[in-house]
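Residue numbers (this note's numbering), protein chains in the order written: chain A, 1 to 406; chain B, 1 to 642; chain C, 1 to 481.
Some hints could be false.
The calculated BS3-like cross-link candidates involving lysine-lysine, where the alpha carbons are at most 30 Å apart (straight line), are [as the list claims (entries may be wrong)]: (1) C:K404 <-> B:K576; (2) C:K24 <-> A:K245; (3) B:K576 <-> C:K433; (4) C:K355 <-> B:K178; (5) A:K367 <-> A:K118; (6) C:K426 <-> A:K400; (7) C:K24 <-> A:K367; (8) C:K426 <-> B:K178; (9) B:K583 <-> C:K472; (10) A:K245 <-> B:K624.
For the chain B half of the interface with chain C, some residues (derived, Cβ under 7 Å), not all of them [claimed, not checked]: (11) E144; (12) F158; (13) F196; (14) F203; (15) A505.
Please keep in mind that the hints were generated in silico from the structure rather than gathered at the bench.
By construction, the Cβ of each residue, glycine as well, lies at the ideal position given by its N, Cα and C atoms.
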Amino acid sequence: MVGIMIASLIFVTLGTLIFLKRPKIVFVISLLAVLILLLLPEFRSYVALVIAIGVLNLLSMMIMNNQIKGLDYALTALIAMATVYVVFTNDLTMILLMFVISSIPTYILVMTSENGAKVDVAVKYITFMVFATVLFLTGAVLLVYSKNVGSELIYLLGFVMLIIGLGMEVGCAPMHEWVPDVFDSADPIPISIIASIAKIVPFVVAYKILIMTLNPTTAKIVPFVAFVAAVSMFVGNIGALTSTKPARILAYSTVANMGYILATLVALINLDWIYLAFAGALLQLMANAFGKIGFLVSMKEGGASTYLMYALAFSFIGMPPLIGFWGKLFILLSIVKVGYVWLALILVINSAMSVPYYVRLARILAKPTIPSFVNAIALIAVALTFITLIPPNWFVDLAKAIIGGV
Amino acid sequence: MIDVATLLFLLFATPVACSLPIAFAWVYRPGADWARKLPILSVFGLFVSLCIAIYILLYFPDGVFEYPWLPDYNINFVFVFDYLSKYMGALTAFIAFLIGVYGLEYMKHDYRLGWYWFFFNMFTASMLLVVYSDNLLMLLIGWEGLGLASWGLIGHWFRDDDELAYVGVIGRKVGPLKMFWSPSFGGWRAISTIRFGDMPMFFAIAAIYALTGTLNISEIDWGHLFHHIGLVGTLILMIAFLMGPFTKSAQLPFSEWLMTAMTGPTTVSALLHSATMVAAGTYLFMRLSLYIEPWKLHHTPGVEQLYFFVLFLGLISALYGASVALGCRERKVLLAASTMSSLGLMFACAAASFWLGKIAIYVAFWYLITHAFAKATLFLVAGHLIHATHDRFCCGNLELAKKMKVAFLATIFATLCLSGIPPFTAYWVKSAMDYVMHHLMHEVGGAPLYLLIAVSVIYSAFLAKFLSLNFIKGDKPKHLHLHGEILMPLAYAVMVSMLALLLYAILTGREVEELVRNGLEMFVEKGFEKTSLAVGLAVLISYAITLAIPKLESPIGRFLGDRMYMPALNDYIVPKIGWAIAKAVDWCNKVIDVFCHQAIPELISTYSLGVRAIQSGSLRRYVKIALGFVMVALIFASLVGW
Amino acid sequence: MNAVVFALLIPLIITFIAPFFSPKRATIVSFLAFIVPFFVTLWALLTGYEFELPLMNLGKPIGEFYLFADPISNAFGATICLISAMVALYSLPYMKHRFEEMRDEIDDVTREFRKYFFLYNLYAVSMLWLVYSGNLILLYIFLEISLLASFLLIYKYGYGNRQWVALLYFVWTHIAGVLTLIGFLMVAFENSTLALKGITTVSFLAWLLIFLGMIVKLPGLGPHIWLPWAHAEAPTPVSALLSPLTVGLAGYVLLRVYMVSPWFINEFRDIIIAYGIITSLYAGFSVFRQTDYKRLLAYSTVSQMGYMLIALCLGSYGLLGVIIQYVSHAFGKSILFMTAGGIIALYHGLRDVNKMGGLHEYIPTISNAALIGFMNLSGILAIGMFGEFFILKGIVDVYGLNLKLIVAVVAVFIISGWYSFYTLRKIFYGTPKDMERPKVSRFLDTPLYVIGIISIVFIFPPLATLFLKSLKLCVLGGVMP
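Go ahead and model the full structure; you've got the sequences and the hints to work with.
Shown next as structure tokens:
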């Protein structure tokens, strides 16, 4: 297993170094490196979904010209690899390393654009990411440390720092300030990577660490998570309601979605249902990834086929049987189950509030259906949101397996 | 030989089925020549009903016939054949058929024949259903059918463009009240009043079913039921039930619809006022009383109060109706008010059965029959008069009488028979009624008798007025066009001759087995009593006086003619309350609407702008906010840990 | 596999095929796709046919997905099929008119018809499948699909500020749906399954959430405010499904939940029935002041849905009332919305009641159909009569001769009759306005009469006998005495 990972890593590193001047070859190498991961024996459905997202990201990179053409493919592949690998390891050092690996490439990607590096965007983004990473890592270390010394205060501090770090990293309110600005000013393609695949690792890592260090004190501090989640949902949805630029709408939608996903962490107080919460979080992350890729890539060309845009919007709104519905369903299931009905109700209100802007977004981006590369990518994204036509109870098993080993 | 079920099916279905051709023809080819011939088919349907009804009268044994409807609920089509239903059925079918024949001519040039005949026949079928049904839910179908058909027929001339179809002087106002009513309004008024009564009745039927598990009038153990639910329960149940008959029979305060119902074609008024619709109310009360047997329930709580209430409601309505008729100048409205008065008497008389037993019900029933023929005759004559003179208001003199001899004679005979002048038909029935009311002297006091006499006197007065103002002493009609009608005079001639037949039946009553069995031989016996003769004399005098002096201008007369301003209730008070509620509700809707669909979205968009205002683009500010939150959170965590 | 399942599959398959036909053919195909299942479900209803068809098992806590039929689902299903079939026929002339009106916004009418029929069939079929779903999640999924399809229909072809209205509709019903979903989920955890046959208990909070959600959808007083917007501004064929079929399905959901766990309604019976009565009276009075014909009908829907709420509180006979009320309201209201649409199509968008009057002169067929429709609403000589009968019986069963309640419920029924005939007079009778006599397409009036005749035939044997027999076996046999 580790062999495959290392082989893939070496393959992409060497390949990139050798063919840096020939982006097309780098693309093929990156693609192969990612696809090799399919050979991994465990968690195949998870791996397949992550690879699907990764491949979509790679494909969408193709429509964008930039200064580091070639390298961008490799960086994207790197994030995908980290995202895959993170579920296989339970070693603290490794998972924190994966957290960093999935984060660093985005610093570079966010700067890229078709005409010159966007430094001002990068400054904002990187500032926040540095804070986030520091807080997250410190929090993680404190948590583990507290387990050894058995100090409640250290645990609480570590918990809060970890959550805030996570929130900053993915863009939860009230640490979301960078999100609208970055989404608005950067090129949509790199944003589609930041908004999709890069969101997965932080959550998986957070889940793993929190479960590792779980203790009775957790119940005391979980309301803090619920609070941040609720604020995030409200800020995201309310902010999006009056936004008219697609990029801004998507930025706030990201904030809201991260709120939904963060909310699942309240299930930490009941180990019996944590796997369901994790399943909800993962599924929602997938739903978010497919939707964001579809929308952001379409934005690059000013829009895509009407049908595709509406399908993605309805997935976000949570219409069954699209993937967005199941994500929300599992999230609701888990938070209702652990007794946070008020949070569930807030989620309901927010989910209703989100309807107008998603429909508006779909309307803005709706274009006649013509064969084009952007439409093809959006079509794949839409096809993937339909994978839950078969009710995804297998996803719960998957989540159980991933979490179970911790 | 066809079986009973088929026969009964034909009784109800033929009239409706035979009216369908014209109904459909008129939708697709209104006014076509061939379509104008189709009404004959409808009348044929009525004729079939008549034949079956007579067959039932003559050959059916008393008893019930059951056909499964909802057998799992113990609710079935149950037909009852007894004295009341057999005679009533034959009467209804006969009158409907005659009026149908009359209508062939009367409605010849109408613009809406399909509608007219369909509802006319449905009206008859519904009434027959009410008459023969023992099951209350089945009765309700007929009952609702009556309501619907009456709505359709009263509002028949829906265009509201014909002065002849209005009630009241167009444009006249008294205070805030408009004192004229259009056909479409008459229809709406009728159905709205009837709904008001039908729904409580519907409830009562459901309640009876819930409490006893059956809906067959003859099967229910009424005494047990009343004992079971006690005084208040009985009153709630029975008054709710009787709301149906009260509204249908236009007892106070539900009388207005009957007056404005005169906006319909005269044939409709004739049918409505003689054997169907309004008679259905009293008929149902009689049928119910016959099976409740209130005379056996003197110790059951509630029954006495109930019958006492109906007695006085009936008498007061009778007095009201008679007084209004006295003041009316419109031909049909006068007759309508008189119908209301007669219905009141029927109610009162049937209610007296509590003290007197079955006999009172039979007296009331015989009065119903007499009244039906006489009133139908008068309406048909009135219709002919309106046709000929193009005037809704009473007008006509001897010259007219000469031209319309049949009508003149029919009116004389009908008024004489109906007012209770000895020795004509109603006299004998009224004498029995005098006897009934007299009998109440001990239990209830003298009021019923005095009221009855007062009503009788006024009644004969306005009948004489009708005769006098239309044929003898009225103004000369402005227009007079006789079109050589044949069917119309024929119809009312036959109708009025039925009164003679009745008279014959009563006088030779001792030989008619049926009458003897039901104790009605007393008609003649009571007719020769002194009090009855005295009342008869009083009635005759009032008849004679009014014949001589038909018109008397006075404020009292105007008050009566304006129906004592009862329209205020229907046209002013109730609508005002209704509209006030509707306005309040509308206002509430607006408030909720604005709150949910404007205030909340606006609030949210304000917040939204607030949230977006954070994005100033300044990194310093962002970091401040984020780190500020980190600090606060860490302090919070420390506090929790501490 | 059995006949009913086949019958259910037909419209599902046709949904995806119909768009490939020309508009006229698509109309006929859609009509057939629903009329065939109508006869099958009617047959199943009358014979009391029941079945259960497992689809898949999702394990805890969602449980088994299966289809099932009993007389209750057949009664709802047959109604949905009939109305959908008739409205499909009606759609052709109406949408032609609508596309004509919208010609600035659309370029190809045939293409729009394709989209329209796809959405229309999807909408109808999702409602049909909903009543045969044996799992609450499955039921919820169909609820949301029907919401989605109707939303898109309003969004694309509605009137007025249609996009705003569509969103408003979506948001309200989405709240309703998700609240119910949370309720369902709590049920899932309490019973480890959401299969209707497996549920044994429903806790307070779960019941409350389901109830609140369905109250928004039904709608009760307060949340009712979305309904007049949505039902008035939707294209009329959609209104003719929305108002008769969709909102009543909330009653269906409550009925199903009630049948597995009646305690909530029984416990809070007094409050719920009072709420139902107030809703009904309030909406009934609102009808009088409406000037827009479709809005007027929408308020009448609110009032009629109050009946369902009242009936739900009245024991097992009340349940019969709920079912029959749904059927009768569906018949009546679909006819009425189609008459409204007829007037719109024939008189270039005429909806203002004050500008009507005497229309019987020009469009007698539509006017007569409206009469049948209003007869259904007020329970005169139509199937609604039984509904009212069982509601009234239920009152006496549960509350005895309680004067206040009796007066209130009777007042509710009276108001329905009043506004029915008041509206009839205002629109169709009185002095005719100066208008032309249009040529009425047969598709614009015949479907109305088919529904009307069925609604009347339903009170006589043999239909009434068999229909009520099946319902009795199903409802009175199963639940509390």
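Hint check:
1. C:K404 <-> B:K576: holds, 23 Å
2. C:K24 <-> A:K245: Measuring from Cα to Cα gives roughly 42 Å; hence the hint is violated.
3. B:K576 <-> C:K433: holds, 27 Å
4. C:K355 <-> B:K178: holds, 23 Å
5. A:K367 <-> A:K118: Roughly 29 Å separates the two Cα atoms, so the pair holds.
6. C:K426 <-> A:K400: violated, 66 Å
7. C:K24 <-> A:K367: holds, 28 Å
8. C:K426 <-> B:K178: Cα-Cα ~18 Å, so holds.
9. B:K583 <-> C:K472: Not OK: K583 of chain B and K472 of chain C at ~42 Å, beyond 30 Å, violated.
10. A:K245 <-> B:K624: Distance of about 26 Å is within 30 Å: holds.
11. E144: holds, 5 Å
12. F158: The hint holds - F158 of chain B has a Cβ within 7 Å of chain C, the shortest such distance being about 4 Å.
13. F196: Check passed: Cβ of F196 of chain B comes within 6 Å of chain C, closer than 7 Å.
14. F203: Holds, because the Cβ-Cβ distance from F203 of chain B to chain C comes to roughly 5 Å (cut-off 7 Å).
15. A505: violated, 37 Å
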